[in-house]
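If you want the building blocks of each chain, they are given just below.
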Amino acid sequence: MKLEIKEVGKVFQKGGTFTEVLKPTSIQIDKGTFVSVVGPSGCGKSTLFNIIAGLTKPSSGDVLVDGRSILNQNGQVGYMLQKDLLLPWRSIIHNIILGLEIKGMNKKSAIAQAMPLLERYGLKGFEHHFPAELSGGMRQRAALLRTFLYDAEIMLLDEPFAALDAQTKGQMQSWLLRMWEDVEKTIMFVTHDIDEALFLSDTIYVLSARPGSVKAVLSVELERPRSRDVLLTTEFLEMKRTLFNLLAQEEKEEEQSEGGERKGT
Amino acid sequence: MKLEIKEVGKVFQKGGTFTEVLKPTSIQIDKGTFVSVVGPSGCGKSTLFNIIAGLTKPSSGDVLVDGRSILNQNGQVGYMLQKDLLLPWRSIIHNIILGLEIKGMNKKSAIAQAMPLLERYGLKGFEHHFPAELSGGMRQRAALLRTFLYDAEIMLLDEPFAALDAQTKGQMQSWLLRMWEDVEKTIMFVTHDIDEALFLSDTIYVLSARPGSVKAVLSVELERPRSRDVLLTTEFLEMKRTLFNLLAQEEKEEEQSEGGERKGT
Amino acid sequence: MKVVKEKGHKAGDDQESKSRRFSLYTLLWRCLIGILLIVGWEAGVRLGIVDQYYWSSPTTIVEKGWFQLTQSTLIQDLLFTSGATIYGFILGTVIGAIIGLSFWWSKLYAAISEPYLVAFNAIPKLALAPVLVILIGIGFSSKVVLAFSMTVIVTALAAYSGVKQIDPDMEKLLYTLGAKRYHVFFKVVVPSSLPWIISSLRINIALALAGTIVGEFIASREGIGRMILYAGQILDIDLVWVGVTVLSFLALFMYWFVGIIERWLLKKIGQQI
Amino acid sequence: MKVVKEKGHKAGDDQESKSRRFSLYTLLWRCLIGILLIVGWEAGVRLGIVDQYYWSSPTTIVEKGWFQLTQSTLIQDLLFTSGATIYGFILGTVIGAIIGLSFWWSKLYAAISEPYLVAFNAIPKLALAPVLVILIGIGFSSKVVLAFSMTVIVTALAAYSGVKQIDPDMEKLLYTLGAKRYHVFFKVVVPSSLPWIISSLRINIALALAGTIVGEFIASREGIGRMILYAGQILDIDLVWVGVTVLSFLALFMYWFVGIIERWLLKKIGQQI
Amino acid sequence: SGGGGDETELKKVSIAEPAHLTGYLPLYIAIHEGYFAEEGLEVEMVTAAGGAHVTTLVSGEVWGNIAGPDSNELANDGSSDPIVAVANVVNRANVYLMAEKGEQPEDDSEEALADFIKGKNIAASRYGGSPNLLTRSLFIDLGIDLEEDVILEEPADVTAVLALVEQGKSQIANGAEPTITEGINKDVWGEPFFGFPSLGDYPYSVVSVKQSTIEEDPELVEGFVQAVLRGLETVYDDPELAEEVLRKEFPTLSDEQVEATQNRAYEDEHWSKDGIITEEALAKTMDVLKKTGIYDEPYSYEKMVDMQFVEGE
Ligand SMILES: Nc1ncnc2c1ncn2[C@@H]1O[C@H](COP(=O)(O)OP(=O)(O)OP(=O)(O)O)[C@@H](O)[C@H]1O
Ligand SMILES: Nc1ncnc2c1ncn2[C@@H]1O[C@H](COP(=O)(O)OP(=O)(O)OP(=O)(O)O)[C@@H](O)[C@H]1O
Ligand SMILES: [Mg+2]
Ligand SMILES: [Mg+2]
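Those protein sequences? They're chains A, B, C, D and E, same order as listed. Heads up: the first sequence is residues 6 to 270, going by my numbering. Heads up: the second sequence is residues 6 to 270, going by my numbering. Heads up: the third sequence is residues 7 to 279, going by my numbering. Heads up: the fourth sequence is residues 7 to 279, going by my numbering. Heads up: the fifth sequence is residues 102 to 414, going by my numbering.
Simulated from the structure, these hints should not be mistaken for laboratory data. Mixed in with the good hints, there may be bad ones.
Claimed, not checked - Straight-line C-alpha distance at most 25 Å; calculated DSS-like pairs for lysine-lysine:
hint	chain 1	residue 1	chain 2	residue 2
1	B	K36	B	K11
2	B	K19	A	K129
3	C	K273	B	K112
Same shape as in the complex, but just chain A (with noise of 0.2 Å):
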């Protein structure tokens, strides 16, 4: 067991208002196992991410790596969030190196270890360019890499193709597949998008509205290496019909669950 997540819940307060995003909810994740997390929007997949990574405090539960506590913990997984928030006074290139500038490496060794992987992420000759000149897409990409290089064993990736066009989203998912087999890390990944969390999972927690919970948790037995070929097989068409029941009745569930919420607001 990598990362284990233990009956983590999170109540939010607003003014005299109590709002449950995150009923108490556990996960298990071994060892270079690649997990997605999907569920209807707003039911607290990016607070959960945040709890792992120890920017938001549980209002109950423990998170575990390695059978050690990470709870408000900083650094101990990467982790690319929602926003692609990058620094608006930095150049693309000195965004992308924050987290090895911050690990201590030089900057001229940390650009040249940088530089390489731009044209993979679309970045090239845009080094010298400052995020608000950028489009939505190359931003991502860019908070992406910047995730990348930081290199931890256990990444959360919080919908990070979800402004790629679909040709690009395609390559990145294989290209994320392969450096993930290469390396063995642990990935959690937050998307909306069926096709992908299929390609992409070895297991897929499906929350529910919220407050969210673990509603269903799905199997993905593809083989591995897998090509784009897969998402044609019957077995996958399958899979993905199953999913998308799972969440199309969670949708419904949604909204009986927002009614009741009004009515308590």
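Fit chains B, C, D and E with the ligands to the supplied structure of chain A, relying on the hints for placement.
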């Protein structure tokens, strides 16, 4: 002809370097049609929209609505920008009614008009929250709702559904089509999602990699009103393949052109 | 522009009661440090570490202050000074904010005016006493004018800084919604410059006080400034300290009040505008 | 925090040459307005609309100024005053920025210190002349100390405002990259507070000058402040105006210089830090 | 005299003055003519406002000062090392009262003076300064109630006095040269209707050092005093030289101002002839403090004044 884009091109200057982002491009859109623009990231889709909305001055060309130039004029079209741009000091409901307020409607009736729509957008119960407290998807939906309430004849939507989960996305698409059929609006739509482009559009413009130019125009001859079943028809799959190939080709060319540009920089 | 956001986050992370506890704690510490300073001062004087002649001592100041309060015109002086200061502070802040925000309308006008503002502020007011007497007279209003002239430029420059920092995309957004410039002004420029304007309030307290005091130096029949000047002249350093203490309390009071205004304003922009 | 962004946009929208034209245009207008003011002033005096005795006149000021420059100690005085001002300005700005930024490390410490800073700044320096002489003496350094004490608090409060406005998500991001607090400080807090600190520079010019002048009023052997004081004593209002004019030019010069520093600093954060 | 020659290193001493004033001319003469240098001293004047001319001396920032003996005495209260006056410089209360152009008391009697002043607004210069206190004490003598009968405007700046009268805010002003002449020239007021020099001997500005300085370095003090005395002598013996020095020290004064200043000074015999401060004269000064309620403690002439260097000639 409702909207006519005539040889619109754009060159950005950064320091001493000139980057052509959009080659002179012409697009004609009939009243009440739904047109999508797809193309690799960074090919100038948002730039084109900015020009139509009068926010950016083109380097060449003109934009006509009903034969009258609207170049550099604001407020002529409804525009949902790719960034959500909710005003952080306004609560969600006050962000949503911003357009109505500017039109001169009093706050009370604006709120009365907006409130019933909140549920549809999954924002019920969050009207008094501030943008920073919402998930990414919710923010995007609030921005979309703001654009819709502005109620212009032509609407430009820049990846409005990119941040939504698959289920919500599907619902929003169907809902957008219904809305559009009811009121005969002319819509220009940017997306990276091939399914989405096909499901929604009458015509799809495929842009080439930066510098963008119209590489192909696809007519989508699917019957309206469309239901989600259409996604499974062979007709649809056929078109999907065509579009996919067009984009894949673009992607390759982009790589070459990026290489070329790099030398120039 | 991030103020409200932060606030929202805090509330969200259920730190509301925490922050209340925090502010009580702060108050406690503030008082404690104040008391420590005073006790240290008194002790220093008693032990002869610092010279009683120059430094007076808290007890002497209280005694003298009490005397002035009961037997002399301290209250009247304080009302005069604080009245002029507060008046000038409010005028200066409001008009300064208007000037600074007006710079948004024309970059040229802003760029032309800015150096003149700075130069004007750099003129030593006391040196121009005779001209000022001719110009603004010697009454209560002349103190207000000086307090005003000290604060207006700081606020204008702060507001202008705020204006310069506005996210141009926000402006763009408003234009897409058919906004005229005045819409952008009231719905984006004003609220997003507000934190900058507010940031100048604190410093304006001190400047408005300085303005009033200079006004009282130039010519006055009453006011704490006149009292201090007089005390300095006749080398009644205890009385100088009484004046200084009273002014410090006035400043602290205004500081506290500005804090309330600040919170109110931020809540206001948090609501709508 | 948006400064760089804006700059990028501008450059992107190929307004670079435009902005150069703009600044030439601005300069032209600035000069024009200056000239208009001066001509109007002179005309007003000549036509007897304003009293020559109090208002002097540009030609008289130039004449007197020339006399002071060639026959008297104007240059020496100017060097003294500008030296103390610039010294105090730099010290005050740097230390103020450090203090303001240090508030990021502890909210409690910040909340406790803030009102004391304001109260300290509110004390009228001129009134404390007899005590200040003991504390800081009468030499060059005493002027520096006063210029410093005027600027340090403004900068500290501005930097603190900047600190309060930092996007907490940016801080979060750094923590996810394993940053220690000092990383966050140097890589986020400092660069994103810089525009706030810079925004205080302009106002500090005027304040540093005021500090030096007050110092020279209190006790001095040389300096423009002493010259003004002396001129007032012998009712030479023309000479007062010479002093005021020289100070205004000093302020304008510093203003221009601060503009250069500002651009340099913004470019610096634009590059890396 | 006990000074060293030109060859020896001069001892640098600073003298604090509350303002740069023509009244201190004897001191400036002594500087310009090298009288101090002959006594082995290099004297430097430091202008220190707002009471700092006294506190700088108390704190040892400067070696001596020129000031009213009264302000020194205020600082001496409770001091173990008091300031002691060692020579007189200005021996007349150099303050005059002027009235708006065309106005003046009916006759020279005190009643007429009081009647004239009552009900007027008076620009009485800096609150607590010597001219201000003299004016206040005169009014008290005349039976004028300071709260009821008059309004006192008390600007910190002498030039403001003129502006106040010209603006019509005040009808009476106090002041000295060159303010008086300026006002006359500007047609703001006429010749003074009252002059405080009529009080006779009055130690208005005296040079002082600390008691400890006298004890530790009497020769230095002696040299200093001798130079001051020579300055006083020169003022009366060589008016042309005096005027020359005046022009050097106050280069921006107009000829007219210089003339007016000198004329009034010689006419009213502003400067002390011998540097002596008499007990009766000091009593007048201290009486003003007492009347105006500023200082009511007993004082001792012996402690405030040390005439050994003046008389020891
Ligand atoms: N600081 C906060 N204060 C109050 N409520 C918050 C806060 N942060 C998040 N929330 C609420 O918690 C819920 C979950 O948010 P979260 O960002 O985790 O959703 P998500 O599953 O990531 O959604 P999406 O798929 O749209 O990104 C939302 O309803 C949101 O409004
Ligand atoms: N203000 C600017 N200055 C310089 N270059 C700019 C500016 N705005 C955009 N660009 C460049 O123009 C190109 C096109 O940007 P645009 O945002 O239009 O792309 P896009 O097609 O919308 O991409 P995406 O699909 O990723 O949103 C990009 O290469 C971007 O870096
Ligand atoms: Mg999320
Ligand atoms: Mg785009």
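We went through each hint and held it up to the structure:
Between the alpha carbons of K36(B) and K11(B) the distance comes to roughly 17 Å, so the proposed pair stays at or under 25 Å and holds. Using a Cα cut-off of 25 Å, the hinted pair K19(B) and K129(A) holds, with the two alpha carbons roughly 16 Å apart. For a cut-off of 25 Å, the pair hint linking K273(C) to K112(B) stands: about 18 Å separates their Cα positions.
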